[in-house]
Structure formats: structure tokens, C-alpha cells
Amino acid sequence: MYKVKIDGIETEVNPGTTILSVANQEFVEIPTLCYNENVEPRGACRMCTVEVEVWGRKRLVTACNYPIQADIVIDTQSERVKKLRRLILEVLLARTPDSPRIKELAEKYGVKQPRFNLEKTHDNCIVCGLCVQACKDIVGVSAIGLSERGIFRKPITPYEESSHTCIGCGSCVYICPTDAISMVDKDGKRYFERWKTEFKLVGCESCGTHFATDVQIEYFKKVMGKDDPSLHFCPNCLVLKETKK
Amino acid sequence: MAKRLLSWNDLKTLQKELTKNINPKSRWIAICEGTGCRVYGCLDVSKALEQELQKQGLNNVKIMHTGCHGFCERGTLMVIHPEGIFYSRVKPEDVVEIVEKTIKNNQVIERLVYVDPQTSKKIPYEKDIPFYKFQKRMLLGQNQKISPTSINDYIAIGGYQALAKVLFEMTPEQVISEVKTAGLRGRGGGGFAAARKWESSRKASGEPKYIICNADEGDPGAYMDRSVVEGNPHSVIEGMIIGAYAVGSSDGYIYIRHEYPLALHHITEAIKQAHEYGLLGENILGSKFTFDIKISRGGGAFVAGESSALMQSIEGRVAEPRAKYVHMAEHGLYNKPTVLNNVETWANVPLIINMGSAAYGKIGTENSKGTKIFSLVGKINNTGLVEVPMGVTLKQIIYDIGGGIKQGKKFKAVQTGGPSGGVLPADKLDLAVDFDRLTEAGSMMGSGGMIVMDEDNCMVDVAKYFIGFLQEESCGKCVPCREGLKRMFEILNKITDGKGEESDMQTLDDLSQLLNDGSLCGLGNTAQNPVLSTIKYFRDEYEVHIRDKKCPAKVCKALIRYQINKDKCTGCYLCFKNCPSNAITGQIKQKHEIHQDKCIKCGICYDVCKFDAVTKE
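Protein chains in written order, with my numbering: chain A, 1 to 245; chain S, 1001 to 1617.
Simulated from the structure, these hints should not be mistaken for laboratory data.
It is possible that part of the hints are untrue.
[Stated by the list, open to error] In silico DSS-like pairs for lysine-lysine, Cα to Cα no more than 25 Å straight-line:
#: 1; chain 1: A; residue 1: Lys58; chain 2: S; residue 2: Lys1499
#: 2; chain 1: A; residue 1: Lys83; chain 2: S; residue 2: Lys1486
#: 3; chain 1: S; residue 1: Lys1616; chain 2: S; residue 2: Lys1557
#: 4; chain 1: S; residue 1: Lys1324; chain 2: A; residue 2: Lys82
#: 5; chain 1: S; residue 1: Lys1324; chain 2: A; residue 2: Lys136
#: 6; chain 1: S; residue 1: Lys1557; chain 2: S; residue 2: Lys1499
#: 7; chain 1: S; residue 1: Lys1395; chain 2: S; residue 2: Lys1362
#: 8; chain 1: S; residue 1: Lys1180; chain 2: S; residue 2: Lys1362
#: 9; chain 1: S; residue 1: Lys1486; chain 2: A; residue 2: Lys103
#: 10; chain 1: A; residue 1: Lys112; chain 2: A; residue 2: Lys83
#: 11; chain 1: A; residue 1: Lys136; chain 2: S; residue 2: Lys1409
#: 12; chain 1: S; residue 1: Lys1127; chain 2: S; residue 2: Lys1104
#: 13; chain 1: S; residue 1: Lys1536; chain 2: A; residue 2: Lys83
#: 14; chain 1: A; residue 1: Lys154; chain 2: S; residue 2: Lys1486
#: 15; chain 1: S; residue 1: Lys1409; chain 2: S; residue 2: Lys1550
#: 16; chain 1: S; residue 1: Lys1494; chain 2: A; residue 2: Lys112
#: 17; chain 1: A; residue 1: Lys103; chain 2: A; residue 2: Lys154
#: 18; chain 1: S; residue 1: Lys1577; chain 2: S; residue 2: Lys1601
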């Protein structure tokens, strides 16, 4: 066990515990954007940067993926940290001036008008990579990936064409922290504008509500190795059926 | 198939056999066939020389097709031994005369002899040429004695003896201790103590352990690693095997960029030869030690030279750095203990073993030992690779070795350390060059790039160049580097376009902090250095751009205008003919005029005018 002092609160943790999990446990708020507990933290957005003192040395580290390996003093509110947060939010706000999430964070941390030209692309993507990670590590299809580098880096389907491996599950939509991916269910079809991919929706055998894409159902059958009865009903009806039993 | 060497004795016997017929007085010719000289057509010179020697029946004159000699600006280079006569800019048509006069009759051909640009004196012998005289060529010197594709050449000059000594006389701990005592620091950028990495990797649990050679050199203008791999690939391999023995590794990788075809060819060939001799593979030299090296080719991304990104690339993924809160020495390639050093660092290892750490430790400064190779480029008379002991001053490198600034112009600044480094002004010329002094001055050693700039260089423009480079080469993973560099580049463009505002200086300072404090990897953490160092030493130049909308060095196009001085113009028509945008009007023998609305400020009129009638303001 290592001794931890986070914003004055003292506690002890097991080796390898991340700063962010200690913070959550002690109700210390650290802002995050690209962190999601279901995938491995990449430390890409840098929002969760905090100042630590370890082995007598002060440094800035990202809370999401820094494993505690010694006694440590963590400061989530130092001047250096606060300034860095403001600077990160300033460049992000200039990139995605329409994003409600970024606007909210910017306001909270005192960033008003960025000093830079605002992007006019109306794209809320901050290239955090969560969609790509979810698609690969949670869904397991890798229908999207990050292409190019530097300022041109962006998540795309292969060759930016309609993806053949996408199952239309929408995990990318749910995990995106800035609502940059849209999914529209209309007239029995599901459409992802960003991925230029369209799917046929399947209705629940009980209530008729569209609840998944046909490709998604087929993929689940393959993963489960059988045509499970649960794949024919929407989540609501499934719960009802379970309770009736 | 070569005979496998089964013991140290076998190696010694082979060396004896290879050297027994060498007469120190015999005639041989070293021709540089490095990439630089190949561009000058050295292969045609070699061919012509071979044919001429054969024609003349001079079969006892040996031609050594070597790697880079370093004096790249003067290629094709030829050194005629035993005297060490140095000919530069040799063309195939010079060969007949060289054979006739120099080879057969020991005469020096005056017109091929090097002329010192400062004293205008002719210097026939290589050892007397200032470019070579003031260097200490422990690594590069070997390039001139061997053919890179011949393992026998390397063995003849004592190659692989250090390895044998290590395998049969030293424990791994002793090797680490020797390297530690020698004070070897990584030549790739940060200058981290090599032995410390080795030690923690040796102690770390996990099998196999990996040894990596980073040959993904990518700084603009830097090519020393390429020249070492091209010219002396076995020195790198030997260093890696010694490192592997010390760490307890059985698997090695050389990560080399695909844009280095000759280096790739030579290292591939060298690995094959080392295998045949039993210097790589199982039971090296009959010992119990086993180690092998694979080659991994990089696609040319600058960021792939960052250690964690490089390992991702070897694993077959996109080269993207990751957090290094747990050291690579413990969790590196495939999450196993990994030691990564660059080409020059590995090539230093056999030297340390051969010389002994005490002798090696005498070279250099207190905390920076040994020599460092710099690629000296820019507005300098003697462009090329120079190897100097740590601690020599910038002045010695630039003036004594480099021969001073081109066309007698005034030195303004030197940029060291590549895009992560910074510029140093004239009052830092007496700075002793080592890892710590350069960092203290706001630059860094980096991999050893040294770009010399004169009065015609605009420092804002220089900062813009490097930030532009970095913005393109940033991997784009983390926000500070991706977005911060973009904004920095925008502001620098604004300033050079004459639209700068006073507040831009503060914004640049803030963005520098964003990069330094916020970025994920070393590339982003140091990316602000070109801006910070130019502001630190040339703040006034930024201010003139912003306040007066002028570029003092007359580089920034938006801030200059070309005009014709009517008193000097003879109406020769030359500028009129060459102007690509038809911005010049006038008749023959009448005064010409530049129309500013059409002028694209390419500067061609300025360059072609023979009467200095075109002025730049």
C-alpha cells in the first residue's frame, strides 16, 4: 500500500491504482473527456492532467493512466494545472465552438473567447479516439480507425466509404464525449452520417419497435454461436418476459 | 560460405590472416561511396578508376569502396594512401590523370587539391585540412578504412574483438559497470545514461528482453546515423550484441527508415555476414550466448523515432506514443523489458570496451563523455559530418572545422538539436557543446543537427519553419501538440504576414506552456523550443515584425518590396525576361520598373541583375 494525499485528503491505495480512481473514490473532481472506464485510457485529451510530487520531484501527469507506484502527493488545483486546463479548453473551444460539452467545460473553468480563429466546420470531434477504441475493444469489429496525422487526424471508415464491417450498433455514438457522431433511426432505417453507412432496422417480435440493425443481430448470432431467442425482442420486452417467468 | 568462428581464437586467427599481407607502404585508394558522394556521381569515378588501373596493369593498387567520409559538400572524395593525398570534387574525367600522375608518379595534382576558403592556401594532405584536423573521429574515422559490405575489413581493423572480450572475460554486470563508468549517454536526444537503462532492464522480470537500435533519424538536416549505418554497420551490430549480453536479451531489432535504402542494404548484408561467421545467432563465437537481430522498416513518420511510438510501429501498429509512466526498460516492446538506444550510442559501445572506460572517460566534459557527431549544415563553408569531443565550443565547430560563414557574411545564429532544439546567438559561440550546456542555453543536443544561419536569415521565419515541420509531423494523438502547434503556426504566419499584434507574444508564450506542460510525449514537450529560443535571443526581431511591419533580414515576403534603382538600371532587359509574373515593364536600354500589384516577390530579378539595380526593402 502507498500513502496518497490528494488535495489534502489522506488515504492509502494498492500499487498500480490510477490517480483518477483515487480521486473518484475520494470525491475529488478531475475533468475528463477521453476517459471511459470500459476502454484502456489513452491519455489523449490531457484534460485530467494533475500535478504530483513523487520521489521528491514535482511533475504533471494524466490522472487517467498514471499508476501509483510510490507514496504520492496529488494536487488537482495547482496554478500550473488550472492554467493548463484553461489552455487545453481554449484550443478545444476554437476547434469545436459548437460542442455543448466543450462549451460547458470552458465556462466552468473560466475560458471565455478563444484567442484563435474559430473553426467553421461544425464538427464536434476532438479526435479523442474513444469511438475507435469502443469499436475495436468493446464491439470487436474495428469498422473505424484513426487516419492521417497531426491536425488532419480523424476517425474514419476505411477509405471513407460505407464500412463493410460496421454492424450499426451505435456504440461509437454512445461513447463520444462531444456528440460528434450522429445516428438517425427513421423509416425502418438507421443512418450514420459520419460513417456514410446505412442499415435496415429489425423490429421486436413482440411489440414491433425497431431495436437493432439486421447486421447487428447477425453479428450477435455469430458471437453467441446460436440463434438465441433473446435476439428477437427489444430490451423492454425482454425484461417483461423475464419478469413474467 | 564463410567458416563459422567457434572461439575467440578463431577470430584472432582470422584477423591475423586478414592483416598479414598488409604493407603500410602499399598504395590504396579510399573512395567515398556514401549517399552524399553518390549524388555527385562517385560510382562513375570508381568505375573509371577500376578500368584505368586494370588498363595500366596496376593490379596491386587496391580500391576501398568506403562509406561516408563526412566532407559531403566536396564530393566525390578520394584519399590516396599511404601519403593520404586528399582530392575532392573528383570527376570520372580526372581519373586518367590521377592514375598517371599521382598513382604512378607520386605527383600531387594541384587543381584537385583542397583550397582553404579562409586562407586560400592549398592543402594536399587530408590530415592537414582544418575540417579533419580539428575533429576527433573515433567513429567516423573507421568509415574511411573499411568497405561497409565487408565483414573481413571490419575484423581486420579489430572489429568484434570487444564482443569477444565481453563474452569470454566479463560478466554482464561488469559490462554495465564499464559502460556506466565510461559515462555513456544516449546520443538520440535526451542524453539519458545508457547504463541505467541497461541495468533496470536487466533487473526487470519478463522474457524475452529486447534490444532495439533506433535508426529512424528524422531531424531536418541530420544524417549522422545514416552515415554510420551505411559506412560501418558492423560497429552498430557489435554494440547491440554487447548490450544484449549485458541486459540478458536474445532478440534485437534495428528500426530503420525505408528512405535510407543504402543503409538498409548495408545493414541487411552485415547481419547476414555476421550470421555466417557465427557472430549472430546461437552460441556466438562458441560461447553460450545467443542473440539475433531483425530489421524493421519505418515508413518515415518523424514521430516514429519516439521510443514508445517506435515500438508500436515494430508491433505493426501506427506509430503513436504512449504514456511512459512505467519505463520502457521494464515494459517496452510487446510489454517486455526493452532497451532502446540510437545508432551512434550503440556504435560507441565497442569503443568503450576496446579503449576501457577510463580512457573513454577522459574524452569530453564532466557529465558528457566521448565524442558527438554533428551534421554541420546551412550557411557554412564546410558542410558535412563532424565528430568532436564533447566540450569543444560552437566557435571551434563553426569556424575551425566548418571554415566559417559562406561568402564572408556575418554569423547570426546556430540551430542545434533539430525541431526540439533551439537557436543560439553569436554571444553563445563560446559555449562548450555538451548535453547540459546546450539545454541550459535553451537548446538541446538532440541527435546532433547543427544548422548555421547568417544575417540573411529571419528568426521568426526560422521558428515558423520548425513549427510548420512539427505541426505536420505531430501524430495528432494529444490535444496540446495537435491543436497547440496549429495555433502557434497560425500566429507565426500572422506575424510574418505583417498582421501581428502586441498580444501575440503573450499567446505564443501561453501556447509554449500548453505544449511543454500538456503534451503526451517528448516531441510535444519540446516543440516550443524553436519559438522560445528565438524569442529569448531575438525578441527585437519579433517586435519589429509586429510593431513596424518590417522584416529586418528581408525574408518575409509580405514585409518586403523589390524596386529598381533608376540610377543603376542599364535597361539590359534581363529582369524583364526572367520575371515569372510579368511584373516588370520597360524597353531595352530604358529604365525598367516593377509593378508592385503584380510582383510575387520571388526575388528572381534581384538575383539576376548584374548591376545591383534591384533593391529589396
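S/Lys1494 and A/Lys112 were given as a pair; does the straight-line alpha-carbon distance stay at or below 25 Å? With Cα atoms ~22 Å apart, S/Lys1494 and A/Lys112 stay inside 25 Å; holds.
Compare the distance between the alpha carbons of S/Lys1324 and A/Lys136 with 25 Å, and conclude whether the hinted pair is satisfied. Measuring from Cα to Cα gives roughly 23 Å; hence the hint holds.
Straight-line Cα separation of A/Lys58 and S/Lys1499 no greater than 25 Å? Status violated; Cα separation ~39 Å.
Take the C-alpha atoms of A/Lys83 and S/Lys1486, compute the straight-line distance between them, and say whether it is at most 25 Å. holds (19 Å)
Regarding the pair S/Lys1577 and S/Lys1601, is the alpha-carbon distance no greater than 25 Å? holds (16 Å)
Restraint check for A/Lys154 with S/Lys1486, where alpha carbons must lie at most 25 Å apart: Roughly 15 Å between the alpha carbons, so the hint for A/Lys154 and S/Lys1486 holds.
Measure nothing beyond the straight line between the CA atoms of S/Lys1395 and S/Lys1362; if it is 25 Å or shorter, mark the hint as holding. Holds, because 22 Å separates the two Cα atoms, which is no more than 25 Å.
Between the alpha carbons of A/Lys103 and A/Lys154, is the straight-line distance 25 Å or under? Since the Cα atoms of A/Lys103 and A/Lys154 sit roughly 21 Å apart, the hinted pair holds (cutoff 25 Å).
Would the hint linking S/Lys1557 and S/Lys1499 be met if the CA-CA limit is 25 Å? Measuring from Cα to Cα gives roughly 13 Å; hence the hint holds.
Just to be careful, I want the Cα atoms of S/Lys1536 and A/Lys83 compared with a cutoff of 25 Å; is the pair within it? Holds, because 22 Å separates the two Cα atoms, which is no more than 25 Å.
Take the C-alpha atoms of A/Lys136 and S/Lys1409, compute the straight-line distance between them, and say whether it is at most 25 Å. Given pair A/Lys136, S/Lys1409 is violated - Cα atoms ~58 Å apart, limit 25 Å.
For a C-alpha distance cap of 25 Å, please report whether S/Lys1409 and S/Lys1550 respect it. holds (21 Å)
Checked against the numbered hints above, the structure violates hints 1 and 11; every other hint is satisfied.
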